[in-house]
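Novice: Given next are the chains, with one letter for each unit.
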Amino acid sequence: MRWDSASLLKIYLIGESVFYGLYIVMTRNIFILYLVSIGLDIPEISIIILLSTLASTMVSIIIYKHTKVFLIKIREKSLFFHALEKLIFIPMAYLSDAAAITLFYSIANISSIFSSIYVNLIIYNSFEEADIKDITAKRTIALNVVNVLGYIFTMVLMYILPASMKFQVIFILGGLLGVFSTISILAVKIENVDTIKMFSQISKPEQLFSTSSFFITLLTSANLLGLVWTPFLVNILGSPDYIVVAVNFAGSIASIISSTLWAKTSFKKLRYSLGLASATPILAMITPSSLLHIGISAYGGFTFTGANFLGNFLFARYKSWLGVLRVSILLTVIANVSQLLATPFGLIFQNNYSILFISSTIIRLLSVAIAYFTITEVAVVPEEYARTYSQLLYTNSISGYMIIVDTIRESIILSLKLLAIATAILILYILYRFLFFLMGIS
Amino acid sequence: MVKVVGAQINVLEEFLQTISREISLIVPKIIIAILIVVVTYLSLRILSYVVKKLLGFADVDSLLKKYWGGELPFSFNKLIVSLAYVAVILASVYGIISVFATPEYMQAVSSTIIYGTRIISIIIVALIFFTIFTLVIERIRIESRLRGYIFFIVTLLLTSMIIDVTTLSESVKESLYVGLSIGIGASLAVFAVWFFFHEYFERYFAYEKEKKKK
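In the order they appear, the protein sequences are chains A and B. Numbering-wise (numbering that gives the first Met the number 0), the first sequence opens with residue 0 and increments by one. Numbering-wise (numbering that gives the first Met the number 0), the second sequence opens with residue 0 and increments by one.
In case anyone wonders, no lab produced these hints; they're calculated from the structure. Check before you lean on any hint, since a few could be wrong.
So the derived list for chain B, only partly shown, Cβ under 10 Å to chain A, looks like this [said to hold, decoys possible]:
| id | residue |
| --- | --- |
| 1 | Leu53 |
| 2 | Tyr66 |
| 3 | Leu82 |
| 4 | Leu89 |
| 5 | Met105 |
Heads up, the beta-carbon is just placed ideally off N, CA and C, and yes, glycines get one too.
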């Protein structure tokens with residue numbers, strides 16, 4: 000059997016996803032546990048997460064603004080950061096200083112921006128819409144399978160290794176396995192990098208704004224739910240460890256099964272997944288039995304996969320007028336912004352589970368409303384209405400944003416002007432004090 | 000003849016000794032004075048640059064125009080810069096005089112400078128009063144009689160400050176203060192009564208007038 004280039008590329012990308020999944024489970028997923036184990040308290044951990052997320056968001060926005068710079072030596076640069084993201088966890092296992100960990104974790108997050116943009120670029124540049132759906136589904140399946148296996152493997156390692164060296168061993172192993180994900184795409188070359196379309200003007204800004212807003216709110220809600228669900232199971236429902244593991248497994252397995260289903264579904268049908276996904280946070284909050292949470296997690300995994308595909312597939316459709324590069328970067332920016340929005344929120348209300356569950360529900364309902372009323376592909380209203388609502392959302396948000404920016408700018412300028420006046424008067428005061436000091440009058 | 004010449008040489012020698020002693024005493028003072036002048040010049044240049052930059056950025060006049068709606072009757076920036084110049088020049092003048100003058104003269108110099116600064120402070124207070132007065136007049140439509148009244152009160156307040164810097168005896172100053180205080184207080188009281196009750200008075204006097212006519 001002879002593989003054609005598209006199939007080979009899909010295998011490379013699935014391989015990347017497999018090793019990336021292993022790396023995620025063995026490093027990032029247990030990172031907070033590691034910080035707790037070295038004696039850092041909640042505020043210190045919060046600052047580490049917040050600063051590193053902020054740094055990566057800033058970098059992603061800078062890349063979005065200066066896309067041409069990103070294209071210079073894109074392959075070498077991206078592969079370097081792809082490997083660095085994984086390898087940086089190896090020295091991190093030997094660190095105990097909060098500032099050093101913040102620096103290393105920020106480097107890991109910033110590197111992940113370059114690597115995820117690169118992988119997105121490979122996918123969106125190499126395939127058409129149907130193949131993008133196919134590879135997204137296959138990568139999601141691979142990621143979830145590896146997630147389950149990696150989770151078991153990590154738990155076994157945690158159990159058998161002595162406490163003094165378990166994080167070092169797991170981080171080193173995770174980092175090295177992660178490098179295999181870089182090796183998986185080493186042979187991939189992005190064709191015609193110089194001719195990648197760079198649209199200076201976005202032709203449908205209102206459509207892009209609606210879809211981005213929908214995706215950001217959806218991912219923010221999911222991140223918030225991820226932050227609150229496990230602590231809620233352990234601290235409020237008093238669930239044993241195996242139930243918590245089962246809840247995660249159920250979510251992953253439901254996601255694997257649903258990926259095959261949602262990948263072949265049309266946009267109009269995908270919107271049902273989004274509507275159904277909005278019930279997950281509130282169901283998790285009101286269900287008192289921890290056993291039932293396994294079912295809710297399966298339901299959540301099943302429906303959220305569809306909603307997540309909806310966002311990715313919409314961007315796959317927009318690549319013809321938005322440009323492959325902008326789509327790739329925008330998806331990374333959206334993921335980072337949603338992480339940045341959820342993290343401080345989760346940290347502020349970390350013990351108030353009801354607020355976090357309700358917030359997650361409200362944010363998810365907002366994403367549903369945006370999608371159902373403003374995105375023409377999935378709207379429940381006639382297409383022309385959706386277009387008008389989208390335009391309204393865009394213009395109102397832009398004008399609101401302009402007012403806020405103007406007010407903030409004016410306030411800062413006024414403060415600086417008052418500071419300048421105060422400094423001038425202070426200089427005057429010092430001069431006259433000096434004069435009186437000379438004359439012996441204190 | 001030889002004796003006369005010898006005496007003249009002695010006188011000349013003594014004069015030269017005196018003059019060289021005085022020069023050796025005064026030259027370091029002159030050098031210090033020159034140094035003070037140079038430092039003053041440099042300070043003025045640097046201060047002028049820094050303060051002008053700061054105030055140029057702050058642009059108080061346009062700030063007031065934007066947020067208050069009125070304009071100052073003088074340039075705020077120029078006032079601050081002039082005050083900074085005055086402080087530096089006074090300090091350098093005091094420094095130069097203290098190099099040359101004896102301690103008993105210095106007392107008089109200090110008093111003069113303090114007197115000067117008091118006059119400056121009165122000028123600044125007067126400026127502030129008149130600025131507020133102008134801004135209030137611009138913002139609120141006040142009839143000319145009321146405007147005259149406010150101006151009158153401001154002038155009285157300024158007069159009390161001017162009395163403070165005069166060389167009148169303390170008892171005379173005190174009498175003037177008491178007189179002015181009673182005058183300002185009474186004037187404000189009469190004004191307040193008129194301001195709050197003038198409609199009642201007008202109605203009352205009109206009624207009395209009609210009653211007399213009948």
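Novice: Next step is simple, just say for each hint if it's right about the structure.
Specialist: Quick rundown of the hints versus the structure:
Against a cut-off of 10 Å between C-beta atoms, the interface hint on Leu53 of chain B holds, since the closest Cβ of chain A lies about 4 Å away. Proximity of Tyr66 of chain B to chain A holds as hinted, the smallest CB-CB distance being about 8 Å (cut-off 10 Å). Given hint, Leu82 of chain B at the interface with chain A, holds; its Cβ is 6 Å from that chain's nearest Cβ, closer than 10 Å. About 6 Å separates the beta-carbon of Leu89 of chain B from the nearest beta-carbon of chain A, less than 10 Å, and the hint is met.
Taken as an interface hint, Met105 of chain B checks out: its beta carbon lies about 8 Å from the nearest beta carbon of chain A, inside 10 Å.
Violated hints: none; the structure is consistent with every hint.
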